[in-house]
Amino acid sequence: MAFTAPNETYSGKVYQVEAGTEKTFVIGGENVLPFHSFEGNVPNRPVIAYEVQDVPPEDWPDTVKKVYDGVSGNPVTWAKHCQDKLNAKAIALRLIGTHPDRENRSAEEAAATVKEVLAAINVPLIILGSNHIEKDTSVLVAAAEAAKGKNCFIGKALEENYKTIVAACLANNHKLIAMSQLDINLSKQLNILITQMGFDKEKLVTDPMCSALGYGLDYTYSVMERIRLAALTQNDVTMQTPMLGDIGMYAWKVKEASAPESELPIGGSLEPRGIAWETVTAGALMMAGAELLIMRHPESVKALEKFIDELM
Amino acid sequence: MALSGVEIFKLLPKTNCKKCGHPTCLAFAMKLAQRQASLDLCPDVSEEAKKVLGEASAPPIRPVTLGTGDKAVKMGEETVLFRHDKKFVHPCAFAVEVKDSMSDSEINGVVEQVLNSEIDRVGQKLRVDAIFISNASGDAGKFEGVVKAIAAKAPAVPLILSTTNPAAAEAAVKAVADKKPLLYGANESNADAMAGIAKSHKISLGVAATSLDSLTALTEKIKGLGVEDMVMDSGARTAKEMLRDNTYIRRAAVKKGNKSVGYPVISFAQRDDVMLETLIASLGITKYSSIVVLSSVERWKNLALFTLRQNIYTDPQVPLQVEQKIYKIGEPSADAPLMITSNFSLTYFIVSGEIEGSKVPVRLAVMDTEGLSVLTGWAAGKFTASKIAQFIKDSGIENEISHRELIIPGYVSILSGAIEDKLAGWKVTVGPREANGIAVFLKSR
Ligand code: B12
Ligand code: SF4
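Those sequence lines, one after another, are chains A and B.
Under the numbering used here, think of the first position of the first sequence as 1, with each following residue one higher.
Under the numbering used here, think of the first position of the second sequence as 1, with each following residue one higher.
Treat the hints with caution; some may be incorrect.
[Said to hold, decoys possible] If you want the footprint, here are the derived chain A segments under chain B, 3+ residues with CB under 8 angstroms:
id, segment
1, 106-115
2, 272-279
3, 295-309
For the record, the hints were derived by calculation from the structure and aren't laboratory data.
Backbone N, C-alpha and C fix where the C-beta goes; we use that ideal spot for every residue, glycine too.
Based on the sequences and whatever the hints tell you, model everything.
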């Protein structure tokens, strides 16, 4: 007997969002669940951006820090290395050094870093603040101005500080990343608030908040799946944004990614364990709907690209 | 497919005799439809009705068990496509491939890895579940020898015997039939013989097809031959095919009631690139495989895959929790520090792990926050000053310790004053925010 394929037809579709000016990338555009090309259209691959910081990665575990030895002292050489040597399709510049508990760098310094990095690369740039609610407003406004005309992704706008960041993205023609904390309703509400300011919903990317394998991944996974289902099955236009998985920052923070084998014998060899932690976190969230992934280790990125090749 | 109350009613005696304890047959039918009553309560129901209702109430994916005893692996019985709808039922099993063409020492090495793979994570025991023995040599005698040797070395570990040669299958199955292995490799050309072996030894049969059409034909044929416990391989090998076939199969079984594909799925993740293999296995975990076959089981890879499986298969409505009580870590004397945290499993295991690492004996008071983390519990009103004070008072700890100092998590420092107000004679000390600061904090006191 023949098998009747139980295809779904969805009423909704994910917006397509483009970044960059010279070399560009496009994410989203699909009218089906992730990689379901057997029943619909999946025009674009997920994009992986390499994470680069405005300050050296002192707090990163050795496994991933040592990969950037010699280039990570300066965001420009670091970003160029990722683009030229690692073939990065995008760079995510995290202005973590602006955090008041860190180097407390000023908004002007951050803007200067953004300019320098932009001058050195031709792939799209994603600009991230330090997730400090007040500081990010001045830092991201300055960064958005410094990057005017470069069609960057800028984030993250939170419910507590979105207004100034949205205004800066509007004025300088950037795309915006909006983050809420692991709750589909909060995420929807933030998207609505942002579009009510006149921001085009098709220029928005949602970050439902990432979490690492073993440390809340189940929550991120299900929130992403639910957001995507709302977009497709209910044709909810406020939920049809592509989604971001800010993978590296969460995956490399947990014990499994940094504890030596002597401290964690059940985890075996540290180096592949750290890489696997980042890789598996990314792979799982990609299956839930993340199509822009920010990652750190080149081996993780390589494995994920091969996985995407097999899935497309 | 589930039947409606009215459809069930049509099959009942319609005498309203009340022997089932319900006022009418219709009322009873409604209860049956909601699965709140069992058919045997009606003494007069016909055999015909029993058969129809039995089939309709069977789970859309047949339960199949691999192996016997404590380490047996249950598969099937899934009812949904997305974990937020309802908890996924049986965590997918990991099987490592051993080829009968490998050297004895290589084989022993892998079997050792399987035997030593068990770990404890957030209170659950996790391990490599099965060994997949393939007849790569093509030699029936060799296959039987390797199967016997592995069964002797790892008597409790469930086995999957992979061969398409009925003679090799018969010999190997016979040697280990009491362990209820899965015989994998029934295809279009050997289906009759393989079904015969599975049936005579009462074991389950793995069906190896080349497409969903041929899979449907094969499972129907084999069912007709009297074998009901099957595990399916649609022939999907790339990630793209795996996602497509697994999705189609799960949808067809769960949403369309297609019984021909209502069996657990076996997937093959083996790749030369071990990180890619880890990702293919992750795909199997998230997207509906019941068994994932791996080429190797390094500890780091196991830990990542076990953890993902645990994340995907936990109940999305009920976080993993530990019991509310005062746990002793090390051998705390009467003046050892007393710390408090929430009963979210993850929180408890991180915090207790750090305390153990510090080697400082401690009493850890774990309060029931309904499985919420410290901060979430606080925000939800379950980790509050009055609840903490009440818990400490009721616990009787005051009789056990010589001091009156309670150490609270740094993230809820705001609670310290209010707890002191409610716990007369107690002093509250604010600990570090992150658990990784606990060792230094304890040692420097
Ligand atoms: C996952 C999550 C959820 C999950 C629940 C997970 C769970 N089982 O608890 C869900 C989605 C259900 C949820 C719901 C809510 N959440 Co919530 N949630 C989170 C999130 C993202 C992670 C929490 C977590 O799992 N942490 C991991 C565990 C291990 O952390 P922990 O228990 O705090 O333990 C650490 C430390 O406290 C320390 N520690 C623990 N015990 C002890 C003891 C001692 C003595 C010491 C020294 C240290 C120590 O060590 C641990 C590791 O470092 C946080 C944000 C974040 N990134 O932290 C928000 C967060 C906790 N949630 C928050 C809120 C407000 C809520 C809600 C009220 C509303 C909402 N929509 O989010 C609801 C309330 C739930 C309810 N039933 O009403 C807020 C809390 C507000 C605050 N600080 O003011 C947070 C901080 C997010 C935010 N910034 O807004 N949440
Ligand atoms: S016992 Fe059977 S026949 Fe009697 S009322 Fe109940 S369902 Fe009807």
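Status of each hint after checking the structure:
Chain B is given as covering the segment 106-115 of chain A, and this is violated because 0 residues of the stretch bring a CB closer than 8 angstroms to a CB of that chain, at least three being needed. With 6 residues carrying a beta carbon less than 8 angstroms from a beta carbon of chain B, the segment 272-279 of chain A meets the three-residue requirement, and the given coverage holds. Given a C-beta distance limit of less than 8 angstroms, the hint that chain B covers the segment 295-309 of chain A holds, as 7 residues qualify and 3 suffice.
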